[in-house]
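The listed protein sequences correspond, in order, to chains F and E.
Just so you know, the first sequence maps onto residues 837 to 1689 in this note's numbering.
Just so you know, the second sequence maps onto residues -1 to 513 in this note's numbering.
Don't take every hint at face value.
[As the list claims (entries may be wrong)] Derived, one-sided and incomplete: chain E residues facing chain F with beta-carbon distance under 7 angstroms:
(1) 398
(2) 401
(3) 402
(4) 406
(5) 411
The set of hints was computed from the structure by calculation and includes no laboratory data.
Beta carbons are placed, not taken as given, at the ideal position from N, Cα and C, and that holds for glycine.
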Amino acid sequence: MERWEAGPGVFQKRCHRMVQIWASQSQVPPPPVLNESPSPNASASPLTEPHEIRLYPRSPCHLHGLWQPPRDATALSTPEEVLSGTADVSGAFAFLHPCSAAFPLTLTSLASSFRGRHMPVLSTFSGSSCREGFSVGGGGRLLSSMAETVGNLCRKMHGGEGFDTLTLDLFSRAPSPAPCSYSKPAKRPRVDGAVTMGKDEDRQNPFDFLSEEILFLILDSLESEPLSKKSFSLVCRSFYTAESCHRRELTPLRSGLLPAALARYPSVEKVDLSLCPTVTDTVLFSVGNCLRSSLRSIDLSRSKGFSHAGIESVVENCANLVEMNLSNATDLSDAAAAAIGRARNLERLWLARCKLVTDMGIGCIAVGCQKLKLLCLKWCLGISDLGVALVAVKCKQLRNLNLSFTLVTGAGLEVVLQLPYLEDLALVGCLCIDDGSLLSLKQECKSLQVLNLSNSQPINHAGLSSLLNITVGLRQLNMAYCCMVTHSLTSSFRKLAKLQSVKLDGCEVTTAGLKTIANACVSLTELSLRKCSGVTDDGLSSIVMKNKGLTNLDITCCGNITDLSLANITSSCTSLITLQMESCTLVSKEGFRLIGQHCHLLEHLDLTDNELDDEGLKALSGCHKLSILKIGICFKISDEGLIHIAKNCPKLRELDLYRSAGIKDAGIRAIAHGCPQLQITNLAYCTWITDASLRALSKCSDLNTLEIRGCPQVSSAGVVAIAVGCPKLTKLDIKKCYYVNDGAMLILARFSRNLHQINLSYCSITNVGLLALASVGCLQNMTILHLKGLTPNGLAAALLACGGLTKVKLNSSFKPLIPRPLLEHVEERGCVFQWIDKPFQVPFSSLVQETCT
Amino acid sequence: MDLKLRKPPETSSRASSTMVNDISKNLKPDMPFIQFDSSSLGYSVGQDRSMSEVSPQVVNQSHCFYAPERETKIKNHLGPSSVIDWNPRLMLSNLSFLEQKIHQVQDIVRSIISQEDHVVDRGNELAAQQQLVTADLTYIIIQLISTAGTLLPNIKNTLLSTDPAVGQPSSAMGMNTNLSSCGGQKPIEILPPEVAKSSEYDELMKDFDACVGEGDELIKCLNNAGAELSESMPIDDHDAKDYDDGMDGENLPPGSYEVLQLEKEEILAPHTHFCLICGKGFKRDANLRMHMRGHGDEYKTPAALAKPSKEASSEPPIIRRYSCPFVGCKRNKEHKKFQPLKTILCVKNHYKRSHCDKSYTCCRCKTKKFSVIADLKTHEKHCGRDKWICSCGTTFSRKDKLFGHVALFQGHTPAIPMDDAKVSGAPDQVQASESTNGMAEHTGFNFTGNTPNDAQSLDIKGADDCQGYFSPMNFDACNFMGLDEFPRSVYEVSESPFSFLSTGSFSFIQRHGEN
């Protein structure tokens, strides 16, 4: 025991390597003496924790399985006993308990007995409510028969019946701490693991029996679990190699160590560098040289610092490159475009905001990449009709073309519409296309299915009807912020028999126009009238009655809508999945009752700023499938209504309670208990919220976004609970939580290693807390205004320590206090500073003010 | 007409030689007579037949005045493709018919003249008659041309032996064309004095006048025809520079102008106008006059500020022409075929272009050199960026032409100019990273994971056994799924950020800030 606690800090540092040591050391040390009185603390020892957090034994039953290996065959013959004992425990594991080197025979018998019964075992688990994981406890010898069993399990998993995760845990045997402090096995000569393994069958790594195919199957099933994959790779050498060969996607946080990582992962197909603010040519050279023909996709959409030379090297070396995202590379010129043009197999290319690329560059791409299926030229202001026309002439395979905010005119559009396979065309904000040029369009474009004409002011109904006349196969049409929706405009919809989705966001709408739509379209599934003025019950009802298959309806800010419309919507469109009706203030509780009564399939409901009360919430809880519920600025709701939601909507993933001031801890506690899948929560300005709510929310381990801005009763304890309980936390807003102090930051930095974005304004945080936070490697976005304890030196140190920052909001009073070269250096790393000049707002209670000062 | 033009050999030849001499100076592509001459093959060649009797001596003389290219051109016109059977009888009947026709026209014109004496204001009738005459004359000319056209294959032999002295009749036409362009109803008066002196020419012209009647009418017709033809005519190669130098169709007879010759130094001097008081030089006299105002009120009077040269229109202005100081140059007055330069600017440009080093190089193409800055600027407008190049090497003056070409041919790509690629080249990353490192040393901070070295140094600092550090499994600073995959202990956290506190690096920042 003492050894364990000798220095967890020291030990933590190299536990990754420990795994390897144990894998290569054939002899497993005897289990530590934990069986006497296993305290929960001991079981959660930091030793095993970094590798498989889920393996904390959660009941004495588990501990029995773990620490008291049955020493005779009879005990081994009853693994089902163990299993049946665990079936009712949440987070159940099957402990197929292997034995240490002392019991080779029993191990075999166990394996065989298990093999015969793995079906009932599996069925036991599939029947239990919590199918969290399956653990093959290791540390001893897994024989080949065992491997087979594991393989079967994996296949089973692929069949979709099995488990969400599979844990192959070598560490559950609780090995000793660092080798230096471990004395007993030191008598054995510790030679190189590889040599020992080769010579002595007994000492061979048990996991080597697993064939690569099985390992890949396991890895396939771990695809969505990056952390588990990491643990997996650290089990032993063969797993490490298998993981290296298996990984297809790489998303580094910084480009600096990429060359080393690339050497490890030779078969990576996709390199996503969008999290690296600076990517130099050298990095791209190494990408090209290491990955060669295996690379298929590269994403540089948010990176700067590379030039055409880097792109050239990638393109030259990686012949199979299919996908390339160079959006926002504003300093790339035609030379880079010419380099891209050499990627013959390119199919998808994003060049949004590449403003220096001209027709010449796009010409090179058009001629070179003739297999292009997707091309995004959004905001490419250097490109004119000539370039677009050449693309249309050369890249006949194009399916998806985005010409938004370019200077393309009707002449260019005419050529584009002749593309034989064009399906999706975006013309957002193309101000050079006008009615006159559209009138001359004659040739039909039958393949076009999706057309986005948002923000094209010059187009009126004459031009639009001419355009719609030739695009007869259209399924989705977006005319947001375009022109007035009148009878003459919508009558052109008659030709579009296949139309499924119409978006008229922000348009001025007439009732006659809506009625024409109703007459023209009967198969709509999606309709958006967001922020439209002039939507009436009459017009909306006519559409809704005709289109019974509507699944997505957006009537945000249609203030004239009353219960009458809702009655029609709910009676007609029973298959509604998404309903967004923010600020429809005329809708009463009768409307909400109808929604709850009829729309059982509803998953996304936005009722922000509505006259919603507890009764309404109770009615809405009839929508059991709700996963997104936004009920911000509904002042009348209270815990009572929320408890109904919590009881009836277990699938809730996102809950927005912004400024719903009636909510207290009881409601949140109920939500946290009833909706364990909660990921995003906004509790901003719910001033009654205390640490108790956060403690309850910390049970939702999937929580990734939490906003508790302006909840002055929240203190460090609550934030700590969240940090410990929600390892996936990426966004945190604790602005004006005046009680949150450095202690919370220390714990946050310790546990929330995935934090990307944080707002700390007005908190009681000093240099120490900020510096601790700066050690979070993922941190990109910080807002630090009005921190009383922050000095320029502390800020400077934090900025330097936090290498991945991309955006920092700071008080402008700091600007002259921080050394200029330091700011320049941080900016050079890819960080943008926003200097805010807002005066300090006095906290609402003097009590709070006191504690702050 | 043809018959009437026929003269005794000696007189005709002399006349032609002088005229040829004169006209050779006027050989300008845009002059109507040449265009007419080379394109309306039949006419000039038909006249040529009459010239076949010209004595060989004269022929030789005239030969040297004609550029060889004209010869080849005529040969081309007379190529085998135009072989037509020639019937002398038919031609004779044609000619006699023409003779009758001409007599008719003569009658009409005479009647007009007689009418003019009596009644002045019978404009309408007169106009009608004029139209009649014009129509008749046009018809005659067309007939004449078509008749002469039949002669083409027959003169092929003689053409090779004799010289294309085509100039003679056509030059007569040209002369008249010139005159008509001066708008004179009385062409002979404005003739150059030298030519006018020639009695033979007089005679010829009288004959011509007599037979055609109103020559200017005919010439107008010809002019029209010529103008029409000139549109489709390829422009002859010529020395563009000479053209630039101010010889645009000017035809001043020698002696009718004053010849000035500036010295070399004078030409190359940056300033041509100097202040008599302080000696400052100026490029323009207007600038000098503005400068002079500073020397006293007497220079501020309107008279002093006015442009000095134009002294009313009492006398006809003396025509000044300029000579190039470079001996042996065609523009030098000593040269036997001296062609004067029109203005001082022409002299300057000519001298710099022809007799000076080309010191201005185009910075885009790096090959073209110029001695006059304006030429460089003109070139630069069309050089480099404005040149649209295809990967196959074809160049285009317009982008849409290039794109049309690229769209048409498989595998052709627009070519990005090299200098463009270089300009946009790699940002100074090396410099950036250097500055980063420099900064690191300077401030005493470790930049976590900024570069491999930095990360390693941090690691070494944190870890207390090197074996761990060298293990390939250490990925603390790097991470591959956009997530930090391993939580670290509080203790480790304390290592990096708090080390700042302990190392006293803050004090440095303060110092830095004070700086």
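Hint by hint, here is what the structure shows:
| no. | hint | result |
| --- | --- | --- |
| 1 | 398 | 6 angstroms, holds |
| 2 | 401 | 5 angstroms, holds |
| 3 | 402 | 9 angstroms, violated |
| 4 | 406 | 9 angstroms, violated |
| 5 | 411 | 4 angstroms, holds |
When held up to the earlier numbered hints, the structure conflicts with 3, 4 and fits the remainder.
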